[in-house]
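Colleague: Given these sequences and hints, build the entire structure.
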Amino acid sequence: MNLGFVGLGSMGHGIASNLVRAGHRVKGFNRTRSKADELEKELEGFRAVGSPAEAARGSDVVFSMLADDAAVEATFLSSEGAAIAGLAPGAVHVSMSTISPAMSTKLETAHRKAGHGYVAAPVLGRPDAAEKAQLVVLAAGAPESIARVKPLLDVVGRKVHVLGDEPKKANVVKLGVNFVLAVMLETLGEAIAMNEEHGIDAKTYLDIANSLLGSKVLEAYGTMIAEDRFRPAGFKVRLGLKDVQLALEAAESVDVPMPLGSVLRDRFIATIAEGKGDLDWSAVARTLPRPNANARARKPQ
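In my numbering, the protein residues as written are 15 to 315.
Be careful, since some hints might not be right.
Below are the DSS-like pairs computed for lysine-lysine, each with C-alpha atoms no more than 25 Å apart in a straight line [to be verified]:
hint, residue 1, residue 2
1, K146, K55
2, K120, K146
3, K183, K49
4, K217, K49
5, K230, K217
Hints listed in this document are in silico derivations from the structure and should not be mistaken for laboratory results.
Modeller: Structure follows, in structure tokens:
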């Protein structure tokens with residue numbers, strides 16, 4: 015199948031690579047051209063192109079993995095070289111970005127008017143999972159569009175959840191999962207700080223906690239926090255703030271209070287104010303007041 019891919023960052027690189035390895039021909043665009051050029055050198059079935067529209071032109075399906083609503087709108091709807099202009103009638107856009115439900119609906123409307131299919135398919139997993147095709151994919155869209163792209167989603171993920179024909183539902187679920195992960199980071203930070211101030215090292219506490227909870231997520235993030243190891247960033251603090259804000263907006267739109275969301279938003283803002291916006295988002299667990307003089311100085315690794 016002829017595919018396009020827009021956004022070849024840490025997540026997009028792995029996803030696009032797996033599509034090529036599965037035998038598909040992929041044209042890719044990235045704002046930083048060197049990332050697309052590197053992939054072209056690595057994989058015979060990949061070709062770097064100069065605009066989103068060029069990536070979409072002639073493609074049966076175009077994927078996107080972009081940072082936020084603004085990037086998605088600029089890349090697909092607003093600019094002269096926007097991808098929507100390159101898509102032929104009947105082609106399908108698969109948006110894997112974590113964006114607002116409102117932006118997802120806006121994309122769906124624009125694609126429908128242009129005669130395209132649209133599937134929201136945000137993913138759960140970090141860059142290493144993307145490279146290994148071990149993502150969990152949350153997909154929603156018209157049944158005919160889902161049927162067309164499902165074999166492709168199976169290539170990049172270990173599990174595909176189909177959530178109905180309203181694309182925004184996939185985005186809501188993704189925001190809900192990321193919200194729970196952010197809450198976990200906050201509670202981990204608080205619990206570790208309390209234990210450390212009482213002279214109990216983070217690793218000891220985490221080993222005991224995880225013997226009861228048995229959480230792979232807690233184990234992975236807990237280890238990063240205990241070791242102050244926040245580089246390379248699998249998911250940056252500033253993107254975590256974006257997702258918390260999107261979750262708050264989605265909740266407000268349906269009159270659901272999320273009081274923990276306000277705490278999280280402030281914690282992420284405080285972390286960014288400390289100059290840690292480009293660290294892994296688990297760094298928020300170390301952004302806590304530590305009045306005790308015994309609190310050890312930390313330098314992110």
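Colleague: Give a verdict on every hint.
Modeller: Here's how the hints hold up against the structure:
1. Taken as a hint, the K146 and K55 pair is honoured in the structure, with Cα atoms around 20 Å apart against an allowance of 25 Å.
2. The straight-line distance between the Cα atoms of K120 and K146 is roughly 32 Å, outside the 25 Å bound, and the hint therefore fails.
3. Proposed proximity of K183 and K49 is contradicted: the alpha carbons are some 31 Å apart, above 25 Å.
4. The suggested pairing of K217 with K49 is violated, with an alpha-carbon distance near 37 Å, which exceeds 25 Å.
5. With a C-alpha separation of about 15 Å, the suggested pair K230 and K217 falls inside the 25 Å cut-off, and the hint holds.
Comparing the model with each earlier hint shows violations of hints 2, 3 and 4; every other hint is respected.
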